[in-house]
Amino acid sequence: MANETYITIPTAQNDYFYEDSYGSYLGNFGIGNADYYSGGDIKGAIYFNAVNVARGTINYAGLYFWVSTNGKGIPDDERDGNWSFKIKAVDEDNTGDFSGANPFGRTQTTATDSSSNSDEPDTSAGPTGSGWKEISVTLCVQEVMNRENWESGNSIALLLYDIDSGCENKYAIDNDRKSFLLIRKSAEPNFKPTVSPVSAPTFPSADNYGIRISYPGYDVKTATENQLYYTSRKRLFKIIAQGKITTTADTVYQVAHGQSYKPFAKAYVKSPKSGSTKRYQMPRYLPGEQTDPDGYSSIDPLDGAIAVDDTYVKFKTTKACEVYYYIFIDELD
Amino acid sequence: MANYGIKISKPSSDVKTATDKDVIFTSKYRSLKVLKWGNFTFNVPDTGNYTHTIAHGLSYAPAFDVFTKGTAAFSFLTASTYADAWFNVGGSNRWFQQDGHGGIFAYTDSTNLTIQSVGVFKSTTITGRYYIYVDPCQEYTSTNNYNLTGDYGMKVSKAGQDVKETNKEYNMAFSTKYNSIQYYSESVKEKNLTLPILFASPKDMTPEEATYVDFTHGLGYAPYFQAFYETSSELRQLPYTLNKDYGDYEYDPNWNAFEVSAWADATRIRVTFWRRSGWSWLGDPMLNVTWPATTINVKVFPFAENLGGLSG
Numbered sequence: 001m002a003n004e005t006y007i008t009i010p011t012a013q014n015d016y017f018y019e020d021s022y023g024s025y026l027g028n029f030g031i032g033n034a035d036y037y038s039g040g041d042i043k044g045a046i047y048f049n050a051v052n053v054a055r056g057t058i059n060y061a062g063l064y065f066w067v068s069t070n071g072k073g074i075p076d077d078e079r080d081g082n083w084s085f086k087i088k089a090v091d092e093d094n095t096g097d098f099s100g101a102n103p104f105g106r107t108q109t110t111a112t113d114s115s116s117n118s119d120e121p122d123t124s125a126g127p128t129g130s131g132w133k134e135i136s137v138t139l140c141v142q143e144v145m146n147r148e149n150w151e152s153g154n155s156i157a158l159l160l161y162d163i164d165s166g167c168e169n170k171y172a173i174d175n176d177r178k179s180f181l182l183i184r185k186s187a188e189p190n191f192k193p194t195v196s197p198v199s200a201p202t203f204p205s206a207d208n209y210g211i212r213i214s215y216p217g218y219d220v221k222t223a224t225e226n227q228l229y230y231t232s233r234k235r236l237f238k239i240i241a242q243g244k245i246t247t248t249a250d251t252v253y254q255v256a257h258g259q260s261y262k263p264f265a266k267a268y269v270k271s272p273k274s275g276s277t278k279r280y281q282m283p284r285y286l287p288g289e290q291t292d293p294d295g296y297s298s299i300d301p302l303d304g305a306i307a308v309d310d311t312y313v314k315f316k317t318t319k320a321c322e323v324y325y326y327i328f329i330d331e332l333d
Numbered sequence: 334m335a336n337y338g339i340k341i342s343k344p345s346s347d348v349k350t351a352t353d354k355d356v357i358f359t360s361k362y363r364s365l366k367v368l369k370w371g372n373f374t375f376n377v378p379d380t381g382n383y384t385h386t387i388a389h390g391l392s393y394a395p396a397f398d399v400f401t402k403g404t405a406a407f408s409f410l411t412a413s414t415y416a417d418a419w420f421n422v423g424g425s426n427r428w429f430q431q432d433g434h435g436g437i438f439a440y441t442d443s444t445n446l447t448i449q450s451v452g453v454f455k456s457t458t459i460t461g462r463y464y465i466y467v468d469p470c471q472e473y474t475s476t477n478n479y480n481l482t483g484d485y486g487m488k489v490s491k492a493g494q495d496v497k498e499t500n501k502e503y504n505m506a507f508s509t510k511y512n513s514i515q516y517y518s519e520s521v522k523e524k525n526l527t528l529p530i531l532f533a534s535p536k537d538m539t540p541e542e543a544t545y546v547d548f549t550h551g552l553g554y555a556p557y558f559q560a561f562y563e564t565s566s567e568l569r570q571l572p573y574t575l576n577k578d579y580g581d582y583e584y585d586p587n588w589n590a591f592e593v594s595a596w597a598d599a600t601r602i603r604v605t606f607w608r609r610s611g612w613s614w615l616g617d618p619m620l621n622v623t624w625p626a627t628t629i630n631v632k633v634f635p636f637a638e639n640l641g642g643l644s645g
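So the protein sequences, as listed, match chains H and D.
Oh and the first sequence: position 87 is 87 in this note's numbering, straight run, nothing missing.
To convert a position in the second sequence, counted from 1, into this note's numbering, add 333.
So that you can see chain H by itself, here it is in the shape it has in the complex:
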């Protein structure tokens, strides 16, 4: 089932802010400890403009930022210890960016998320590969989205307070790997059906006329239906055309069937492997990692599909192949 998520990424310099013991800095973002000399904790803030999520309950919100050694992350040998910090959101309906004032002076949510993690990236991948930290900010984002006047398209600011992290300053404003906020509106289960069966048919009565041909050794007058080669009580597909075609790989080959409805067709594809005489039935699909008797695998498969419309019987194979077909007059519509 579809579990809709929304991702928003800061777009402007005024979307980032941090402060340490030296001062505050608009247009930059950091978390963790400040440098070796000041030793102070960093408070970072990040602003997400126009969050298109409706008011109400969310299932999850996560803040992602880049912490790997390339980009703006800090090399491994300069890291020391784990992160430990708490996160709050600005408790406003539609907060502004950080150009006007220090965001830490704004009203903050009661709800607080926190994170105490290794300084290594999460193993889960993020954009452009692994190297990201994912921190749940569900509680504080939820509090904002519960506000009576929250509307889709409003903005959110997150405030990150370091709690004596042993891990040095980490920036997350690399142009190629900008921090982002992911919001999952709901967690719906994978779709499964409510099934209603189609009832059994009523078969025609076994009238005492017509043609019956029994298996050799069975009395045609007493043979059961399963002991008959043929009976006019049932239908038989009737061939109106048969022939050979040569397909081009991944190209639909059409054979006009001359009817104004969709008839039944049957086809067999000859393996194009040099020296092979194998003829497989269509449709044929080679799934998974297995290999077929001629060595074709799912990476380089010999697959074949068959379909009909009101004008054509259509064959499509993944390789140029000889296909032998039968077209029947019997209608599939």
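Calculated from the structure, these hints are not laboratory results.
Fair warning: this is a prediction, and the values are worked out from it, not measured in the lab.
30 angstroms max Cα-Cα, derived DSBU-like pairs, lysine-lysine:
#, chain 1, residue 1, chain 2, residue 2
1, H, K221, D, K340
2, D, K524, H, K192
3, H, K221, D, K354
Got chain H; can you put chain D on it based on the hints?
For chain D alone, coordinates are given in the frame of chain H:
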């Protein structure tokens, strides 16, 4: 066509005016004629590789059908399992061994019908049913052919062929020498199946969805069957599978993501419509295999032939 031959119409339908497609039998058109049929069983060794051959005695590769029997199980949909279920050979079916892998191959050449396990079913007993037709699945015009030995019964040759020419059995339109795969028109049923929109996300990396319908066939045994699904423009024969992968840089050979397939047992023919989506952080924009809400019409032809019935 000249006005001769045999024609049998449906009850209460005038045989003199019934259209060709609506008659039960007409000697104007040929039918597939079953030369040899029966059940097979073989044990696959630890290697997973085994080749089982059935000589057909023809000098060309004949048309054929092969079904395998097993337990149908698809835990995503239900904890129930269904013993003695029959599957078409050659395509993907998520109920077969629960992983969608066919693993069993069938093919003919001018000597044998071959049923082959390639590396998948290790230390497993494979059972199934085969039908070999006298009708070829290749171009063939030679007289080096199966001969009619029982010179009795009814034979109808195709137009332009001498019905007495017994060394071209494949030119017969109909012959009482051969078995027929027949069906009741009343058995043909159809129904819509609908799946809602499906897309993945960073929190749901590989969501799935599936629905199915059971066509109760009323035969009391597992029948030979054909199944189809209909798009807005065409009918596709099952099993039908479609791949969508994340992109060239993250190809996953297991990423079969769309399947319509069927199996049969003594009660039902179950047609399943299954899809899977996938999320990848790679690429720009990030990749999300998305399926729109879709309704398909599925149709089954349960034939009267018993897949566990008599051999011949």
